[in-house]
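Listed in order, the protein sequences are those of chains X and U.
Number 96 marks the last residue of the first sequence (this note's numbering); no jumps.
Number 1074 marks the last residue of the second sequence (this note's numbering); no jumps.
Hint data in this document are derived by calculation from the structure and do not stem from the laboratory.
Backbone N, C-alpha and C fix where the C-beta goes; we use that ideal spot for every residue, glycine too.
Check each hint, because a few of them may be wrong.
In silico DSS-like pairs for lysine-lysine, Cα to Cα no more than 30 Å straight-line [said to hold, decoys possible]:
hint	chain 1	residue 1	chain 2	residue 2
1	X	K48	U	K541
2	U	K537	X	K52
3	U	K541	X	K52
These stretches of chain X come out as covered by chain U in the derived footprint (C-beta under 8 Å, 3 or more residues) [claimed, not checked]:
hint	region
4	1-13
5	54-61
6	66-80
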Amino acid sequence: MKLMTCPLNGERNISEFVYGGEVVDMPNPAACSDQEWSAYLFIEENTKGIVKEWWMHAASSYWFIAERNTETNEIIRTFPSSELYMQRVDFRAAKE
Amino acid sequence: MSASLNSMRLLQSTGLYLDRSKTISFQFNGQSFQGFQGDTIASALAANNCKLLSRSFKYHRPRGILSMSGQDSNTLVQIGDEPNVRADTRAIEEGMQVQAQNVIGSLEKDYGSLIGLIGRFLPVGFYYKAFYKPKGAWRYWEKLIRRMAGLGKIDPGSEIEYTDKQYRFTDVTVIGGGPAGLSAALEAADNGATVILIEENPILGGSLNYARFKTDRDQVYRIRNELVERVSSHSNIEVLTQAQCGGWFEDNWLSILTPGRLFKLRSKAVVIASGSFEQPAVFRNNDLPGVMLGSAAQRLIRLYGVKPGQSAVVMTANEDGYGVALDLLDAGVAVAALIDMREQISLSDLSQAVVAKKIEVLNGHTIYEALPVAGNRGIRGVKVAAISGEGKVVDETRTIDCDLACISVGYTPAAQLICHFGGRLIYDESISMLKLDGMPKHGDKCKAIAAGSLNTVFDLQQVLADGKNAGGSAVAIAGIGVKPALGQKLLSSAVEQNHPWPIFSHPQGKEFVDFDEDLQIHDIEQAVAEGYEDLNLVKRYSTVVMGPSQGRQSALNNLRIATKAAGNPLQGLSITTQRPPFHPEPIQLLAGRSFQPVRRTAIHHRHIELGAQMMPAGNWLRPAYYGLPEQSENAVEQEALAIRNGVGLIDVSTLGKLEIRGTDAAEFLNRMYTFSYLKQPVDRLRYALMLDETGVIIDDGIAARLSENHFYVSTTSGGSDSVYRSMLHWNAQWRLDVDITNVTSAYAGISIAGPGSRDVLQELNCDVDLSADAFTYSEVRRGQLNGIAACLLRVGFVGELGWEIHVPSSQARYLWDILLETGQKYGCRPVGVEAQRLLRLEKGHIIVGQDTDGLTVPEEAAMSWAIAKKKPFHIGKRSVEILANKKQTRRLVGFTLPKKSVLPQESNLTLKDDHIVGRITSVARSSTLNEIIGLAYVHPEQSDVGTSFDIKLSNGNRLSTKVVALPFYDPNGKRQEI
Chain X
1 MKLMTCPLNG ERNISEFVYG GEVVDMPNPA ACSDQEWSAY LFIEENTKGI VKEWWMHAAS
61 SYWFIAERNT ETNEIIRTFP SSELYMQRVD FRAAKE
Chain U
97 MSASLNSMRL LQSTGLYLDR SKTISFQFNG QSFQGFQGDT IASALAANNC KLLSRSFKYH
157 RPRGILSMSG QDSNTLVQIG DEPNVRADTR AIEEGMQVQA QNVIGSLEKD YGSLIGLIGR
217 FLPVGFYYKA FYKPKGAWRY WEKLIRRMAG LGKIDPGSEI EYTDKQYRFT DVTVIGGGPA
277 GLSAALEAAD NGATVILIEE NPILGGSLNY ARFKTDRDQV YRIRNELVER VSSHSNIEVL
337 TQAQCGGWFE DNWLSILTPG RLFKLRSKAV VIASGSFEQP AVFRNNDLPG VMLGSAAQRL
397 IRLYGVKPGQ SAVVMTANED GYGVALDLLD AGVAVAALID MREQISLSDL SQAVVAKKIE
457 VLNGHTIYEA LPVAGNRGIR GVKVAAISGE GKVVDETRTI DCDLACISVG YTPAAQLICH
517 FGGRLIYDES ISMLKLDGMP KHGDKCKAIA AGSLNTVFDL QQVLADGKNA GGSAVAIAGI
577 GVKPALGQKL LSSAVEQNHP WPIFSHPQGK EFVDFDEDLQ IHDIEQAVAE GYEDLNLVKR
637 YSTVVMGPSQ GRQSALNNLR IATKAAGNPL QGLSITTQRP PFHPEPIQLL AGRSFQPVRR
697 TAIHHRHIEL GAQMMPAGNW LRPAYYGLPE QSENAVEQEA LAIRNGVGLI DVSTLGKLEI
757 RGTDAAEFLN RMYTFSYLKQ PVDRLRYALM LDETGVIIDD GIAARLSENH FYVSTTSGGS
817 DSVYRSMLHW NAQWRLDVDI TNVTSAYAGI SIAGPGSRDV LQELNCDVDL SADAFTYSEV
877 RRGQLNGIAA CLLRVGFVGE LGWEIHVPSS QARYLWDILL ETGQKYGCRP VGVEAQRLLR
937 LEKGHIIVGQ DTDGLTVPEE AAMSWAIAKK KPFHIGKRSV EILANKKQTR RLVGFTLPKK
997 SVLPQESNLT LKDDHIVGRI TSVARSSTLN EIIGLAYVHP EQSDVGTSFD IKLSNGNRLS
1057 TKVVALPFYD PNGKRQEI
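Chain X with its partners taken away, still in its complex shape (with noise of 0.2 Å):
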């Protein structure tokens, strides 16, 4: 089985850790064409290399972000996800 490391809880086996999907930015869907928000939710890039993804500690509930190899299947780095979402986010209606 393979280990990742939490960055909250330390190396364990990766049956404790539940997959979030890649990280992907949500277009502005106040602003966005409706291709744009159905190739958000539905087309997957299947980036052969190091790719982004949300990855959660079950037992903790911690969610955070690892670098991972999809070729080699390695991790190369996990990290809180306050590295990559620093910011407040805000939704403004569309205009009208």
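Given chain X, put chain U in place with the hints provided.
Frame of chain X; chain U shown alone:
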């Protein structure tokens, strides 16, 4: 054959595995045999001159010992209800009942062997060609073929024994207790590593226990004894014998199979010293009992003290065959001739010793054909001829009488563990051998080192040095102690181990490449001729290397034959992909006991005392109804009527419960749920519908605003964890000022509902004003109830006056008792999930996951009322807006049927013009309404009240019904608001 003959048993001094002080009796096909403690089934039978162990898969040919190491399918037998036991590695036990497999009639006289006579009408790919036409024919043939070609029998009545798994951790794991593994373990342990050594046999030593290594037998024993002694007494080394590594997985996670236990072993570094498999030669009748690998004969003699035959011919292409001849002579077996396939006479110590014993050595020759005794149950001699070219012999042959032919023509590294994990074995023409093409790369935490003959190192001193190097490297990888100085990288010492072409076709065939699947040279050539040139296609079409031995004895020769047939060069070619496990894994070991958690509410034991029938709801157990199963219908009806006419109590502790606190709490809910929460007044409840980003309904509950910055939110019973996770996930991105806590287990919930519920609560000591004016529908209050801190939510899920009372779990049983006791005079009774589901159906309330599925969007479920359209964002907002402009395909509606009608079932289909348009999601008989009521998806054009549609029942009959308005019961909600 007498029971205690042991006619082939050697003298006291031989048989490393044996304890001759203990005699064990067992039965094979109903006949009694005796062996010694330490004997395997095959060795004990061989000691009694019983050579025939099984019948082959396809032609039912007699088969006997091939490898004597559990690596071939010739020895598969059945023991009681355990099929496919390898008779050459399973130790005998007193009273053991062993049966031959795959025989029609008896092992001695198997009518299935008549198939061999028509073998040439059964070419490779025969099944595909013959049995699939006309359409449907396979179903008939399959039964017959499975009976003919089956292996062991599974007994469905056999008893289940649970086995537990064990998790282990170590610095260095060494797989294989032969010379390389012993040497590696010592080096790693001497340098401070804790070592686990895995050995599949009962004792350590590997090839040191039976092979000669171009040197004196006693010299090998001395080396062996010293290594085994040091390993066994080393405080850093733990030895697991009769243990097999089934797979090497990511980050050095190893599955270790032992009788009755699976170990999951995490190791900082791994040394793989799994050795190599001796390879058969391919010639006519090479599969018959009496034709065996040279190492198998040595194992019989040296490990089990059994004489493998009376008179032998040894065929070799290396020095090891000479060692075999010397062992045979020591065991009193006459060696009629030594056939050395090589042109040059070898001048080693071993060969000179053989020549000195006046054994005839024939260089540049091969066995061309083994001559069977009657019924193919053994051999009476071999036909020998001079080799004239690759796979060719001269016309002139010579017959040599013998009952044993030992074959030592080369090796294939036992690289399965490495090949499973991305490694490759490729053909090296300079040594006519498959060898490892480096080690697969899986990052720093996942490193293994190959050592010994697995590394194509065969000279004993070099094997020991290679093991030592590997042990040192393992310590360095594990990051322990001082890095030991590593020796020079060793060169392969594999030259003159393998003959390049020990394959001789015969006009009459029966030269077997794959013993498991009864495949002959022409079968492989035929597959290539039919266009399956790629080795992986040859495998799938012919089934070569797909049998129980997984190509251990066939992959190399198959590669040679198929590649030559395709006209390609061999150099650098790889064998077919290999996959775990290395050894058959009994499902029993993998399954073990189940550790699925079960969640019980704080009131669980009261439900049991009240006679509840419990049902699973996710991990939770909930009361389905109270009473005996045979009276379930009546119980559910009475419970439902209690709430409609009196009072009922429902344990709703399984609901998920989340606390959201902080200055952004309302903003956060506004994003997570579809309604509007910013202006929700304190002390009020609001329905909470959760969508995912595609607009699909994934959960619902109630949001109670306890104060400006504090919400208490419920979720469905099954949804608490996923909703909680999803909230944390979103806020890791939004970074709102909220604190989210999952308090599902901290609080219990009891729903008290029915016209009398206010009366019951008012009899308690409650500091909350419960009067209709002070505490209206859809409000929340916190207060004291008989001294318990309680949160009262005035909800209407079942459509009557009622409250959900949430209290700390530790107080729940007390509250339950006091409510039930106080409610007695109002006819209060406990109510289960089934009645609750009926009551909410009468009110037309959906259950997420029952009335919705993985694609249901709010408009389909008639839930658009729950969406606040003006707020700037909620998770599903954009998708809901896009979907609003698309044509919908279904809509959830209510329908009714007369009470005496057939009761349709959930998931019965709904039709429009004979086309399936939806299904029933909920349906029940309602005593209150005196009719059958249900929810179903229909086509949007059928969704107007009064429209007829058809239901297709489980038996295929149609039932016509009409759409009615929802809810079925109390449409104006008067009863819940009194």
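Handout entry: Structure-inconsistent hints, enumerated in ascending order
Key = Hints that this structure does not satisfy do not exist here, as all of them hold.
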